[in-house]
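Asks: These protein sequence lines map, in sequence, to chains A and B.
Numbering follows my numbering, in which position 420 of the first sequence is assigned residue number 420; successive positions increment by one, without gaps.
Each number in my numbering comes from the position in the second sequence (counting from 1) with 585 added on.
Because the hints were derived from the structure by calculation, they are not lab data.
Do not rely on the hints blindly, as some may be mistaken.
As the list claims (entries may be wrong) - Taking lysine to aspartate or glutamate and the EDC-like style, the derived pairs with C-alpha atoms no more than 16 angstroms apart in a straight line are:
id, chain 1, residue 1, chain 2, residue 2
1, A, K244, B, D711
2, A, K500, A, E487
3, A, K539, A, E460
4, A, K476, A, E439
5, A, K476, A, E517
6, A, K232, B, D711
7, B, K713, A, E360
8, A, K355, A, E480
9, B, K713, A, E137
10, A, K134, A, E439
11, A, K353, A, E137
12, A, K232, A, D35
13, B, K697, A, D35
14, A, K355, A, E487
15, A, K506, A, E351
16, A, K244, A, E360
17, A, K506, A, E484
18, A, K134, B, E800
19, B, K713, A, D358
20, A, K440, A, E525
21, A, K353, A, E480
Claimed, not checked - Covered, in the sense of this in silico footprint (three residues per stretch, anywhere, with C-beta under 8 angstroms from a C-beta of chain B), are these stretches of chain A:
id, region
22, 40–49
23, 401–410
Stated by the list, open to error - A few chain B residues facing chain A, derived, Cβ under 8 angstroms:
id, residue
24, A628
25, L760
26, N824
By construction, the Cβ of each residue, glycine as well, lies at the ideal position given by its N, Cα and C atoms.
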Amino acid sequence: MSKAEELGGGLATFVDERTGSNAWMRKNLNKVFPDHWSFMLGEVALYSFIVVLITGVYLSLFFRPDMTEVIYQGPYVPLKGVQMSDAFNSALEISFEVRGGLLMRQIHHWSALLFIGAVVVHMFRVFFTGAFRKPREMNWTIGVTLALMTIFAGFSGYSLPDDLVSGTGLRIAEGIMLSIPVVGTWASFLLFGGEFPGTDFISRLYGIHILLLPGIILALVTVHLILVWHQKHTQFAGPGRTNKNVVGYPLMPVYMAKAGGFFFLIFGVIVLISALVQINPIWTFGPYVPDQVGAGTQPDWYAGWMDGALRLFPPTEFRLFGYTWVMNIFIPALIIPGLVSISAYIYPWLEAKVKKDDREHHILDRPRDAPTRTGLGVMAITFYVVLAIAAGNDLIAIGFDLSINELIWWLRIATIVLPPIAFLVTRRICLSLQRRDREKLTHGRETGRILRLPHGEFIEVHAPLNADERAKIEAKVDVEALPEPAENDESGVRNPDFKKERRWSKLSGWFWRNNIEKPTDHEIEHGDEHIAEQVELEKPLREIEDKVVIGHDGSTLHHPGQPETNKEQYEQWVKDHPHPKSDPS
Amino acid sequence: MSDDTTTRVPAKTDDSVVKNPYSWPANEHQPPPRTTDLSERAAKRAARQVATMFLLSGVFVALFFVAFTYMSPTDTVEIPYLGEIGGQHVALGLTFGMAVFLIGAGTVHWAKKLMSNVEVVQPRHDFKSTPEDTQGALEVFEEGVEASTWKKHPVIRRTLLFAMALVPLPFIISLRDLWLTPPGVPNPDAMLQYTIWTKGQRLVRDITGEPVRAEEIPVGGLVNCNPEDLEAVEETEGNLNARAKAAIIVIRMEPDEIQSLQIPDGAWNGIIAFSKICTHVGCPISLYQQRTHELLCPCHQSTFDLSDSANVVFGPAGRHMPQLPITVDDEGYLIAQSDFLEPVGPSFWTITGEVGP
Chain A
1 MSKAEELGGG LATFVDERTG SNAWMRKNLN KVFPDHWSFM LGEVALYSFI VVLITGVYLS
61 LFFRPDMTEV IYQGPYVPLK GVQMSDAFNS ALEISFEVRG GLLMRQIHHW SALLFIGAVV
121 VHMFRVFFTG AFRKPREMNW TIGVTLALMT IFAGFSGYSL PDDLVSGTGL RIAEGIMLSI
181 PVVGTWASFL LFGGEFPGTD FISRLYGIHI LLLPGIILAL VTVHLILVWH QKHTQFAGPG
241 RTNKNVVGYP LMPVYMAKAG GFFFLIFGVI VLISALVQIN PIWTFGPYVP DQVGAGTQPD
301 WYAGWMDGAL RLFPPTEFRL FGYTWVMNIF IPALIIPGLV SISAYIYPWL EAKVKKDDRE
361 HHILDRPRDA PTRTGLGVMA ITFYVVLAIA AGNDLIAIGF DLSINELIWW LRIATIVLPP
421 IAFLVTRRIC LSLQRRDREK LTHGRETGRI LRLPHGEFIE VHAPLNADER AKIEAKVDVE
481 ALPEPAENDE SGVRNPDFKK ERRWSKLSGW FWRNNIEKPT DHEIEHGDEH IAEQVELEKP
541 LREIEDKVVI GHDGSTLHHP GQPETNKEQY EQWVKDHPHP KSDPS
Chain B
586 MSDDTTTRVP AKTDDSVVKN PYSWPANEHQ PPPRTTDLSE RAAKRAARQV ATMFLLSGVF
646 VALFFVAFTY MSPTDTVEIP YLGEIGGQHV ALGLTFGMAV FLIGAGTVHW AKKLMSNVEV
706 VQPRHDFKST PEDTQGALEV FEEGVEASTW KKHPVIRRTL LFAMALVPLP FIISLRDLWL
766 TPPGVPNPDA MLQYTIWTKG QRLVRDITGE PVRAEEIPVG GLVNCNPEDL EAVEETEGNL
826 NARAKAAIIV IRMEPDEIQS LQIPDGAWNG IIAFSKICTH VGCPISLYQQ RTHELLCPCH
886 QSTFDLSDSA NVVFGPAGRH MPQLPITVDD EGYLIAQSDF LEPVGPSFWT ITGEVGP
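Chain B with its partners taken away, still in its complex shape:
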């Protein structure tokens, strides 16, 4: 009998394991005979059950076809506890799911009821090679090294290693143009320093695009705004990059509630504008509690006190929310005095400006 032949007999006990004469017999773990082993009738019944499941699977495929063809994707059904859901979606899912499930159920039932359930034993071997094999491999390897003249010509060895070390570089260097740098931009940091806000640009509401008059903002109120130019810029650039930096919130509080400002003359009659982009990892924030003047980021709960220079009062953010200096124009609309005086959004390696809560 070769080593890999399976012993098709019940697992035998290693005598050293069971010493107690009162122990249960060691082959006890062989499962007891099943009803299908004892009775031909039971076996036939099990076979019928398996066949029925396979057959039903086919029936469900047919029903799937019916649902796919004759139901409308817009029909909905009301299912208790689940609510209103797409009728065709449910029908397709249930029929396809049952068709697949029944194949599995049938096969497992077959294996459990009818196939042999006798455990068998196979030997294992250590994976380590024999000393002769190891020695032989070493010899072959060394012969190969010798024949290659790898050791004899160190200059070949070194120049090859040199060349192999350099050859991935063209590929890596080519990755540089994953970002096609716009003309006049020396590096990423330069782009992160500014937004599209410019002097005199009106603040417009983010949804309607209407400019905001100072008196439209009640004390305690908050308005989400964007620069007037945003839509034109998005039109030309074809992306949402400008919006991701320029979004602001405008709030109004009683002037005597303001404890400090980043830009003292950047507010107008208690109206202050701050960047909307969290300085932690960049979520837009507009959860504002007017009583405490606190702004809470919904992503990681950084909390900023807007009455006190938007400093961090809680949470993981490292910098205050930058203030946008604003004033009003001749017609009474809110306008920016300039761009932000420091970068907005998440901190980065070369960012300057205030750090710390």
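The following block holds chain A by itself, in its conformation from the complex:
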């Protein structure tokens, strides 16, 4: 035993005698994680969060969240002698005087953007594959909360340097707060410590940004991961993969190495991007002054859609009961994002209800197998994209030489019209893909080989599906829509919940409309026989052209030492791939 092993063993024993950790390690060191490229998205989120934390700690050592006005005396000539807050001053100091400071700032900003992006994409992966279904609804709600927290964290960090752009963002946030009925003015005055901008807000935001939000995110991420660990990861359908098992690579060593290595890859790529691609050059914006604004400045991407909603919403401010209802701000900036979040929170329960689904799901859906869900997801994305485009409407109008007024009208219409169209089109595409799957299951794969039969008929030969594809298609589960409830029961007593049940039944019918039912076992068997016949038909053909394989250029297509003819190759292949049920003779 080497010295290191002795030391490690000693440590393991020490911990085990006090916690019983060895039993846990025995069970968990070889824990299996299924593999699929899309499972990497959550990892990207986690690793970029770690990068954000590391660089954030570094920045907090140099940044001064202080709104006291100072005169800039640093090395950046264009701002020399300019009055600015000490927060902005220290952000300039980090950028120009601290060696590697600008790099850290850029790593922090890039990794924050990647973090939020990965969170959102990961969330859509989970949504489209139905990974939020029982038993993972709790983890979905934690995930939605995490997504919201990351957006707040992003916005609060964006606002800290107190440059012209971030100050304008805060001004907009203040305007939004003021629009809240009844309590808006008080909320704004309490948060800003009086009128905008005051001198308290940056230091208050700083506490929120470096303590409260990271604390919440860290706690929730921990619970999120514990639940993933405990419930075991979902997997896509495949041969040998069932709802009762998990197939993949063991934690030690493969998964550990790949995941650990992946962290360094992500970190490395973020650092390289931050070295070469500038982000948030606050010195070109200058310090925040409340009577100045930069034209054409855009919010960070995750806040863009809310800004787009603010731009598109028509003026709907009115006075009622002696008070002013600022609905043109309150609805787009608070009600719409609120509704979006609530829909995300309740969706798993809604879907379980219309499916009357109480089973555990560990096999993921392919998006096409849940057309309504996929349609709703694409609808949400379309809504987001239209609003995000709206947030850049001024740049688009300038870039493409369009009338800003017409562009806004088109975007207003698009916000309402495009999402439902996206829903319908997506659903159609899903259903068509399902039809194609159904055909594959009952007729096999089209080979593109045309065969002329002795009596002159031409057929295209269909080949059997491979086990992988077949397992994927067969994994689809058909669920009946909720039945139409009876108004009165058998003895004529009126069902008190009749109207409620009928509503659910209608919703369920809508959810399952046009479902392409999976073929029955009988149909599949029939198809298999048919395919077997075709394979049989091709057999003599093989024997005829069996002698030598001629390539297009007339050469023989084989390598030295390999079987020469199709037949020999086929026999060799069968010999190499023994299967209990395939009998080459």
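For chain A, the structure is supplied; the task is to place chain B on it using the hints.
Replies: Then chain B, alone, in the frame of chain A:
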């Protein structure tokens, strides 16, 4: 074999899944052997590659140290397509980035080329507890409730809930002093009603601080102004609050181009002053198109027709831009007649004044 033991064999096919005798063998999804599995030479080469990457990572850390110590933060380099950027910044980023990236690349290469790539199977279990466990938990819980006398003494139960409901209040109430209300101010609304503009105060240019004479503003021109007192007020208050409300724009148009005014005698010879703070969410506006007399907010594209009482002609804003009544003093400088007659900036719950485009 206990349930949690991993089966270290290739994944087996569930017979019910594959019925077709012509299907490919079910363990086909086990990856084929890699060159590193077949050839010892290839395996050694892969190991060398991994080790080289780890070694290079260390070299880059050394280069980072060199760049940190011997380069100047003010040096710049010209990089094609990226432009001129800080030389030390790029050097530190590239060396640190490569040092980190190579550890990742090496580890992943190691996992892919040399570590076992056989998929394994583990069973899952339903999470639901057994009926016995559920029953047992219920019993323990009920025994606990019984032993606590929670049910026996409803008065304790109710008073505890009462106390627990009230106890967060001190904390919440304490948040009230997040805003230390200045003396004489009853509530936020009172502060939002006025700005520091007063009767007779001169309009001064926002950058230079010089007072503006009427003839300095050409027809079609726009000048950004602040009240003369602003700097003194900022000096005493130590914040930018006054500026955030008092900023104005002053424009001049031919008197016959003016269709309507909020304050008919608040303009002087076609010179009109408006608040600069957008009534939507408070961005400062000075994008002015003199031909159409329209003022466009750069943030959310609210558009105001300055020749027609600064009413909203497009975009999301709900109120016109408030007009500041002005005139000229004996020396010909522009001065305010009074404060704004209505609140400036974003609308709020108790705001009064004109609403609607």
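Asks: Taking the hints in turn, state whether each one holds.
Replies: Evaluation of the provided hints:
1. Using a Cα cut-off of 16 angstroms, the hinted pair K244/A and D711/B holds, with the two alpha carbons roughly 8 angstroms apart.
2. Between the alpha carbons of K500/A and E487/A the distance comes to roughly 11 angstroms, so the proposed pair stays at or under 16 angstroms and holds.
3. Distance hint between K539/A and E460/A is fulfilled; the C-alpha atoms sit about 15 angstroms from each other, no more than 16 angstroms.
4. The straight-line distance between the Cα atoms of K476/A and E439/A is roughly 14 angstroms, inside the 16 angstroms bound, and the hint therefore holds.
5. Of the supplied pair hints, the one linking K476/A and E517/A holds, its CA atoms being roughly 9 angstroms apart against a limit of 16 angstroms.
6. Using a Cα cut-off of 16 angstroms, the hinted pair K232/A and D711/B holds, with the two alpha carbons roughly 11 angstroms apart.
7. Distance hint between K713/B and E360/A is fulfilled; the C-alpha atoms sit about 10 angstroms from each other, no more than 16 angstroms.
8. Annotation: proposed proximity of K355/A to E480/A holds, straight-line Cα distance about 8 angstroms (limit 16 angstroms).
9. At roughly 15 angstroms between alpha-carbon atoms, K713/B and E137/A fall within 16 angstroms of each other, so this suggested pair holds.
10. For a cut-off of 16 angstroms, the pair hint linking K134/A to E439/A is broken: about 31 angstroms separates their Cα positions.
11. Between K353/A and E137/A the CA atoms are separated by roughly 13 angstroms; this keeps the pair inside 16 angstroms, and the hint holds.
12. With a CA separation close to 13 angstroms, the supplied pair K232/A and D35/A stays within the 16 angstroms bound.
13. Distance hint between K697/B and D35/A is fulfilled; the C-alpha atoms sit about 13 angstroms from each other, no more than 16 angstroms.
14. For the hint pairing K355/A with E487/A, the CA-to-CA distance comes to about 21 angstroms; that exceeds 16 angstroms, so the pair is violated.
15. Between the alpha carbons of K506/A and E351/A the distance comes to roughly 13 angstroms, so the proposed pair stays at or under 16 angstroms and holds.
16. The straight-line distance between the Cα atoms of K244/A and E360/A is roughly 10 angstroms, inside the 16 angstroms bound, and the hint therefore holds.
17. The straight-line distance between the Cα atoms of K506/A and E484/A is roughly 8 angstroms, inside the 16 angstroms bound, and the hint therefore holds.
18. With a CA separation close to 75 angstroms, the supplied pair K134/A and E800/B exceeds the 16 angstroms bound.
19. For the hint pairing K713/B with D358/A, the CA-to-CA distance comes to about 12 angstroms; that is within 16 angstroms, so the pair holds.
20. Among the hinted pairs, K440/A with E525/A is consistent with the structure: their alpha-carbon atoms are about 13 angstroms apart, no more than 16 angstroms.
21. Between the alpha carbons of K353/A and E480/A the distance comes to roughly 12 angstroms, so the proposed pair stays at or under 16 angstroms and holds.
22. Coverage of the region 40–49 of chain A by chain B is violated in this model, with 0 residues showing a Cβ closer than 8 angstroms to a Cβ of that chain against a need of three.
23. Only residues whose beta carbon comes within less than 8 angstroms of a beta carbon in chain B count, and the region 401–410 of chain A has 3; three or more means the coverage holds.
24. For A628/B, the interface hint is violated, since its Cβ never comes within 8 angstroms of a Cβ in chain A; the closest pair sits about 16 angstroms apart.
25. The beta carbon of L760/B comes within 7 angstroms of a beta carbon in chain A, closer than 8 angstroms, and the hint placing it at the interface holds.
26. Nearest Cβ of chain A to the Cβ of N824/B: about 5 angstroms, under the 8 angstroms cut. The hint holds.
The structure is inconsistent with the numbered hints 10, 14, 18, 22 and 24, although it conforms to all the rest.
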